[in-house]
Each structure stands twice: as structure tokens, then as C-alpha cells.
Amino acid sequence: SQQGEEDPQALSIQEGENATMNCSYKTSINNLQWYRQNSGRGLVHLILIRSNEREKHSGRLRVTLDTSKKSSSLLITASRAADTASYFCATDAFGNAGKSTFGDGTTLTVKP
Amino acid sequence: DTGVSQDPRHKITKRGQNVTFRCDPISEHNRLYWYRQTLGQGPEFLTYFQNEAQLEKSRLLSDRFSAERPKGSFSTLEIQRTEQGDSAMYLCASSLEQLAKTDTQYFGPGTRLTVL
Numbered sequence: 003s004q005q006g007e008e009d010p011q012a013l014s015i016q017e018g019e020n021a022t023m024n025c026s027y028k029t030s031i032n033n034l035q036w037y038r039q040n041s042g043r044g045l046v047h048l049i050l051i052r053s054n055e056r057e058k059h060s061g062r063l064r065v066t067l068d069t070s071k072k073s074s075s076l077l078i079t080a081s082r083a084a085d086t087a088s089y090f091c092a093t094d095a096f097g098n099a100g101k102s103t104f105g106d107g108t109t110l111t112v113k114p
Numbered sequence: 003d004t005g006v007s008q009d010p011r012h013k014i015t016k017r018g019q020n021v022t023f024r025c026d027p028i029s030e031h032n033r034l035y036w037y038r039q040t041l042g043q044g045p046e047f048l049t050y051f052q053n054e055a056q057l058e059k060s061r062l063l064s065d066r067f068s069a070e071r072p073k074g075s076f077s078t079l080e081i082q083r084t085e086q087g088d089s090a091m092y093l094c095a096s097s098l099e100q101l102a103k104t105d106t107q108y109f110g111p112g113t114r115l116t117v118l
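Line order of the protein sequences matches chains A and B. Going by our numbering, the residue at position 9 of the first sequence is 11; the numbering climbs one at a time, nothing skipped. Going by our numbering, the residue at position 103 of the second sequence is 105; the numbering climbs one at a time, nothing skipped.
There may be inaccurate statements among the hints.
To be verified - Chain A side only, calculated, beta carbon under 10 Å to chain B, not exhaustive:
id, residue
1, N33
2, Y37
3, Q39
4, V46
5, A87
6, C91
7, D106
8, G107
To be verified - With a Cα cut of at most 20 Å, we get these calculated EDC-like pairs of lysine to aspartate or glutamate:
id, chain 1, residue 1, chain 2, residue 2
9, B, K59, B, E70
10, B, K59, B, D88
11, A, K58, A, D68
12, A, K71, A, D85
13, A, K58, B, D105
14, A, K28, B, E46
The set of hints was computed from the structure by calculation and includes no laboratory data. Built from N, CA and C at the ideal position, the CB exists for glycine as well.
My request is simple: use the sequences and hints to build the entire structure.
This is the structure:
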């Protein structure tokens, strides 16, 4: 079964707006990663956040992690049409030796 | 480009045939993972290797599936007697694990399998 669950399943915004996606998980983790996937292609790694970190930034991306609530969020600021993709969170559970458990993703559409 | 590569990118086969996919990880990475992804869902873990040792296999990996990483570099995933339900994208990823601290997994472009 999938551990991570993204919310919402689909999100449609205008270019320039911010997009926020959430991820909830069930068990203790070592780290959580966010990936982007364009239609029919492989996954592109965006950010890894470790369990002892609360926030990380990378360009227009901001990821937060709340281990007490077992949740994470991905914020994309000033969105562009090229950000249109599916976004997945993946958790590396404690004791699971690095294998990742993915949610079913949030499909983001950015309208020009 | 020294990223993860997979071959072939697309494979169409008839039910009952055997297929084999290859993954070449990033050269210094000691861990290699296989995932399967169906339309509208996230990738599901199949198996992973630490160097040449296969350390874990998912219950999703039936006895028709076998994976190898003979020299701790490239890996192959073979599906015997394919079924229509095997149609999916097969993704390979690699990472560097040091001092029990796992780093980012980098994914290849995937092999899309269609079983007719």
C-alpha cells in the first residue's frame, strides 16, 4: 500500500500564482523527497528533506516537514506553464533501507 | 550525460513472451532500485540492490520476475511469460548510500512495456 498521500489530486492555477501541494504519511521516516514527472517521462528529483529538518528551499520551491503531523508541503512560487506536471512525494521509512514509498501524486496544471 | 539510463525506452510484446530490461545507474552509486508505475499512480517499489546483492523484493514481484546486478554496476529485470497486467512503466533509480545515510534517488527515463 502507498504510504504517502498527496492532496489535492489535481490543481489548476494561472501563471504567476503560487501552488501548494500537501503530502501525508503514516510511519516514521528518515527523509522525504519530492519529485516532478512530466507526462510519460521519468521522475525528476526536486528536494530531499531529512527528518530533522523543518524547511528547505530550492529556487522557487519551498518544502516544509512536520514530523509530529506526519505531513509535508511543497510550495511553488510564481508558477510558470512549464511547471505543469505531476508531483509526487516519496518517503523513506525508518528501517526501510532507503527504498521509497510514493503517493499517487498531484497533477498541477498552470495556465498561461 | 552521466545520469541513469534505461534500455529499451519502449517495448511492445505479445502475452506469454519473455522481456528483459536493462538499467545503467550513475557510475559511483552503490544502490539500484526497480519500480513499476501504472497510469495515474505513483511508482511502486519492486526490488533493490546494494552493490551486487539483492536485498529486498516486494510481494509485487511474482516468480515470473527476476532481477540481477551481476557486477554491481548495470542491472537487468526480466519478466517471463508476460501478462497484460504487466503493462506499465518500469523505472530504475540509483543512489549512493554512505555510513547508513541514504542520498537522493535519481531516476532513469523508464521503459514502457505494453503487453498485447
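Evaluation of the provided hints:
1. At about 7 Å, the closest approach between the beta carbon of A:N33 and any beta carbon in chain B falls short of 10 Å, and the interface hint on this residue holds.
2. This hint holds: A:Y37 has a C-beta 7 Å from the nearest C-beta of chain B, less than the 10 Å allowed.
3. Annotation: interface hint on A:Q39 holds; nearest CB of chain B at approximately 9 Å, less than 10 Å.
4. The criterion of a C-beta within 10 Å of any C-beta in chain B is met by A:V46, whose closest approach is roughly 8 Å, and the hint holds.
5. For the restraint placing A:A87 at the interface with chain B, the shortest Cβ-Cβ distance is roughly 13 Å, beyond the 10 Å limit, so the hint is violated.
6. Of the supplied interface hints, the one on A:C91 holds, with its beta-carbon coming within about 9 Å of a beta-carbon of chain B, less than 10 Å.
7. Residue-level restraint check for A:D106 holds (minimum Cβ-Cβ distance to chain B is 5 Å; threshold 10 Å).
8. The interface hint given for A:G107 holds, since its Cβ lies 5 Å from the closest Cβ of chain B, which is under the 10 Å cut-off.
9. Pair hint B:K59 plus B:E70 holds up; C-alpha atoms about 12 Å apart against a cutoff of 20 Å.
10. For the suggested pair B:K59 and B:D88, the alpha carbons sit about 17 Å apart, so the restraint of at most 20 Å is met.
11. For the hint linking A:K58 to A:D68, the alpha-carbon distance of about 12 Å falls within 20 Å, and the restraint holds.
12. Between A:K71 and A:D85 the CA atoms are separated by roughly 28 Å; this puts the pair beyond 20 Å, and the hint is violated.
13. Between the alpha carbons of A:K58 and B:D105 the distance comes to roughly 16 Å, so the proposed pair stays at or under 20 Å and holds.
14. At most 20 Å may separate the alpha-carbon atoms for a hinted pair to count; A:K28 and B:E46 meet this at roughly 16 Å.
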